[in-house]
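Quick mapping for you: the protein sequence lines, in order, are chains A and B. Each step along the first sequence adds one to the number in this note's numbering, with nothing skipped, and position 32 is 32. Each step along the second sequence adds one to the number in this note's numbering, with nothing skipped, and position 96 is 96.
Hints should not be assumed to be uniformly reliable.
Put simply, identical chains are the same to the list, so a pair is met inside one copy or across any two.
What the hints assert, rightly or not - In silico SDA-like cross-links for lysine to any residue, where the CA-CA straight-line distance does not exceed 20 angstroms: (1) Lys-195 <-> Asp-91; (2) Lys-23 <-> Asp-163; (3) Lys-23 <-> Glu-186; (4) Lys-23 <-> Pro-146; (5) Lys-56 <-> Met-34; (6) Lys-23 <-> Met-187; (7) Lys-195 <-> Thr-170; (8) Lys-6 <-> Lys-195; (9) Lys-135 <-> Asp-91; (10) Lys-23 <-> Asp-91; (11) Lys-56 <-> Ser-113; (12) Lys-59 <-> Arg-90; (13) Lys-38 <-> Arg-50; (14) Lys-130 <-> Met-142; (15) Lys-38 <-> Gly-22; (16) Lys-38 <-> Glu-182; (17) Lys-38 <-> Glu-14; (18) Lys-6 <-> Gly-22; (19) Lys-38 <-> Ser-49; (20) Lys-6 <-> Thr-67; (21) Lys-38 <-> Ala-158.
Hints are computed from structural coordinates only; laboratory data are not their basis.
2 protein chains.
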Amino acid sequence: MIFSSKLIEDAVQEFSRLPGIGKKTALRMVLQLMRMEKEQVDGFTEAISRMRHELKFCKECHNVADTEVCIICANRSRNRTQVCLVETIRDVIAIESTQQYNGLYHVLGGILSPLDGIGPEHLNIATLHKRAAEKGIEEVIMALSPTIEGDTTVYYIARQLQDLPVTITTIARGIAFGGELEYADEMTLARSIAKRLPIESYVNVQGKN
Amino acid sequence: MIFSSKLIEDAVQEFSRLPGIGKKTALRMVLQLMRMEKEQVDGFTEAISRMRHELKFCKECHNVADTEVCIICANRSRNRTQVCLVETIRDVIAIESTQQYNGLYHVLGGILSPLDGIGPEHLNIATLHKRAAEKGIEEVIMALSPTIEGDTTVYYIARQLQDLPVTITTIARGIAFGGELEYADEMTLARSIAKRLPIESYVNVQGKN
Numbered sequence: 001m002i003f004s005s006k007l008i009e010d011a012v013q014e015f016s017r018l019p020g021i022g023k024k025t026a027l028r029m030v031l032q033l034m035r036m037e038k039e040q041v042d043g044f045t046e047a048i049s050r051m052r053h054e055l056k057f058c059k060e061c062h063n064v065a066d067t068e069v070c071i072i073c074a075n076r077s078r079n080r081t082q083v084c085l086v087e088t089i090r091d092v093i094a095i096e097s098t099q100q101y102n103g104l105y106h107v108l109g110g111i112l113s114p115l116d117g118i119g120p121e122h123l124n125i126a127t128l129h130k131r132a133a134e135k136g137i138e139e140v141i142m143a144l145s146p147t148i149e150g151d152t153t154v155y156y157i158a159r160q161l162q163d164l165p166v167t168i169t170t171i172a173r174g175i176a177f178g179g180e181l182e183y184a185d186e187m188t189l190a191r192s193i194a195k196r197l198p199i200e201s202y203v204n205v206q207g208k209n
Numbered sequence: 001m002i003f004s005s006k007l008i009e010d011a012v013q014e015f016s017r018l019p020g021i022g023k024k025t026a027l028r029m030v031l032q033l034m035r036m037e038k039e040q041v042d043g044f045t046e047a048i049s050r051m052r053h054e055l056k057f058c059k060e061c062h063n064v065a066d067t068e069v070c071i072i073c074a075n076r077s078r079n080r081t082q083v084c085l086v087e088t089i090r091d092v093i094a095i096e097s098t099q100q101y102n103g104l105y106h107v108l109g110g111i112l113s114p115l116d117g118i119g120p121e122h123l124n125i126a127t128l129h130k131r132a133a134e135k136g137i138e139e140v141i142m143a144l145s146p147t148i149e150g151d152t153t154v155y156y157i158a159r160q161l162q163d164l165p166v167t168i169t170t171i172a173r174g175i176a177f178g179g180e181l182e183y184a185d186e187m188t189l190a191r192s193i194a195k196r197l198p199i200e201s202y203v204n205v206q207g208k209n
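With the hints as constraints, model all of the structure from the sequences given.
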């Protein structure tokens, strides 16, 4: 594409760095921003700039946070004996949006994947153990992707928590094998949290396959 | 969607104002920006901010410009006797990207559409007449949408320019290169047969590429 304005070209260039945004889509967005009021565009750029510069990660659960501790961990009315283990903050948003879960979270930051060079030391497992040991946590709900890597991670972490008086459950299999948690519909996701299973039955079910 | 961070929520909100961007896509973009280096994100927001605040419209042709006059109008090596009339700056980008046109442009800013309340006074017709009268323009190439409104606009403007010694042409309408004949609409097909070209001119056009 040949632009007759460097200002437009630069903006299109920046937009097309974003995932799934080609040059034509980027141009459409830039032209939309061009037509918007200056104040609105300032609102847009300031919201993004603030997000990048001020966003923190909760020192308890590694979720995104506006302050030292995220609003979920800071919420005294939530069930503080339950922790839902998820891979990413997208999963926190997905589960929160079901409005069916009232416990806390722990963001693992990924999943064990030897092929990608992701070992236990790259994930927030040590802090999970510490929380489970010190913060009166009674149940850890494993809400990881239902994939081979997810299952491996579940087993690994379950073993790591063996020494603690913590019940380990997994979200019910309502989500198709190979599916991505964030794309599940809210009903399925809510139900799979409500119908979570103790880890033994998970192992048994797995054993039957 | 329920976010546990106001910073994320605001950024997603701002992104989802853009055309064709839903909440999930907006979130994906925001999380991508979150993972980018601060300097990169600053580059992104600054490019957009600069684009919105510094972008001008060429006082000659109404195209986007970084200065008073756009780089196309300022380019002395272009054919200054030819003006291609287009609806929007996107059309300028599309035609420039072909690298086959060496004249100037005039951005009309839309198309006559009585139903949408767009009359001649809303379009850059007066400045086109002035340019044609004063700047030695010999040919106006109408490159408007091949629709009823487009044709109406072409006729209207052609009449407005009647008093001037200007040749008026329209871009060729026909079957798109690589297009399947059977999928062309009847109007286009009928017209491309009626306006058929001698084979020599076809060969010549092909030869230029």
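How the hints compare with the structure:
1. When the C-alpha separation of Lys-195 and Asp-91 is checked against a cutoff of 20 angstroms, the pair qualifies only within one copy, where the shortest distance is 18 angstroms, while the shortest distance between copies is 56 angstroms.
2. Taking the shortest alpha-carbon separations for Lys-23 and Asp-163, neither the intra-copy value of 54 angstroms nor the inter-copy value of 42 angstroms comes in at or below 20 angstroms.
3. With identical chains, the CA atoms of Lys-23 and Glu-186 are at most 20 angstroms apart between copies only, with a shortest distance of 15 angstroms across copies and 33 angstroms within one.
4. Taking CA atoms no more than 20 angstroms apart as the test, Lys-23 paired with Pro-146 passes in neither setting, with 35 angstroms inside one copy and 24 angstroms between copies.
5. In this homomeric assembly, Lys-56 and Met-34 come within 20 angstroms of each other (Cα to Cα) only across copies, at 10 angstroms, whereas the closest approach inside a single copy is 31 angstroms.
6. Within a single copy, Lys-23 and Met-187 get their C-alpha atoms only as close as 36 angstroms, which misses the 20 angstroms cut-off; across copies the closest is 18 angstroms, which meets it.
7. When the C-alpha separation of Lys-195 and Thr-170 is checked against a cutoff of 20 angstroms, the pair qualifies only within one copy, where the shortest distance is 9 angstroms, while the shortest distance between copies is 67 angstroms.
8. Proximity of Lys-6 and Lys-195 under a CA criterion of 20 angstroms is satisfied in neither setting, with 56 angstroms inside one chain copy and 30 angstroms between copies.
9. Taking CA atoms no more than 20 angstroms apart as the test, Lys-135 paired with Asp-91 passes in neither setting, with 23 angstroms inside one copy and 62 angstroms between copies.
10. In the homo-oligomer, the alpha carbons of Lys-23 and Asp-91 lie at most 20 angstroms apart only across protomers (15 angstroms), although the nearest pairing inside one protomer, at 30 angstroms, exceeds that limit.
11. For the identical chains of this complex, Lys-56 and Ser-113 are neighbours neither inside a copy (26 angstroms) nor across copies (51 angstroms), given an alpha-carbon limit of 20 angstroms.
12. Taking CA atoms no more than 20 angstroms apart as the test, Lys-59 paired with Arg-90 passes inside one copy only; the shortest distance there is 18 angstroms, against 47 angstroms between copies.
13. For the homomeric pair Lys-38 and Arg-50, the shortest alpha-carbon distances inside one copy (18 angstroms) and between copies (11 angstroms) are both at most 20 angstroms.
14. In the homo-oligomer, the alpha carbons of Lys-130 and Met-142 lie at most 20 angstroms apart inside one protomer (17 angstroms), although the nearest pairing across protomers, at 72 angstroms, exceeds that limit.
15. With identical chains, the CA atoms of Lys-38 and Gly-22 are never at most 20 angstroms apart, being 25 angstroms at best within one copy and 22 angstroms at best between copies.
16. Taking identical chains as interchangeable, the C-alpha atoms of Lys-38 and Glu-182 are never at most 20 angstroms apart, the minima being 34 angstroms within one chain and 26 angstroms between chains.
17. In this homomeric assembly, Lys-38 and Glu-14 come within 20 angstroms of each other (Cα to Cα) both inside a single copy, at 19 angstroms, and across copies, at 14 angstroms.
18. For the homomeric pair Lys-6 and Gly-22, the shortest alpha-carbon distance inside one copy (18 angstroms) is at most 20 angstroms, but the shortest distance between copies (29 angstroms) is not.
19. With identical chains, the CA atoms of Lys-38 and Ser-49 are at most 20 angstroms apart both within one copy (16 angstroms) and between copies (9 angstroms).
20. In this assembly of identical chains, Lys-6 and Thr-67 lie within 20 angstroms of each other by CA distance solely across copies; the values are 10 angstroms between and 39 angstroms within a copy.
21. Taking identical chains as interchangeable, the C-alpha atoms of Lys-38 and Ala-158 are never at most 20 angstroms apart, the minima being 53 angstroms within one chain and 36 angstroms between chains.
Hint check: violations occur at hints 2, 4, 8, 9, 11, 15, 16, 21; the rest are consistent with the structure.
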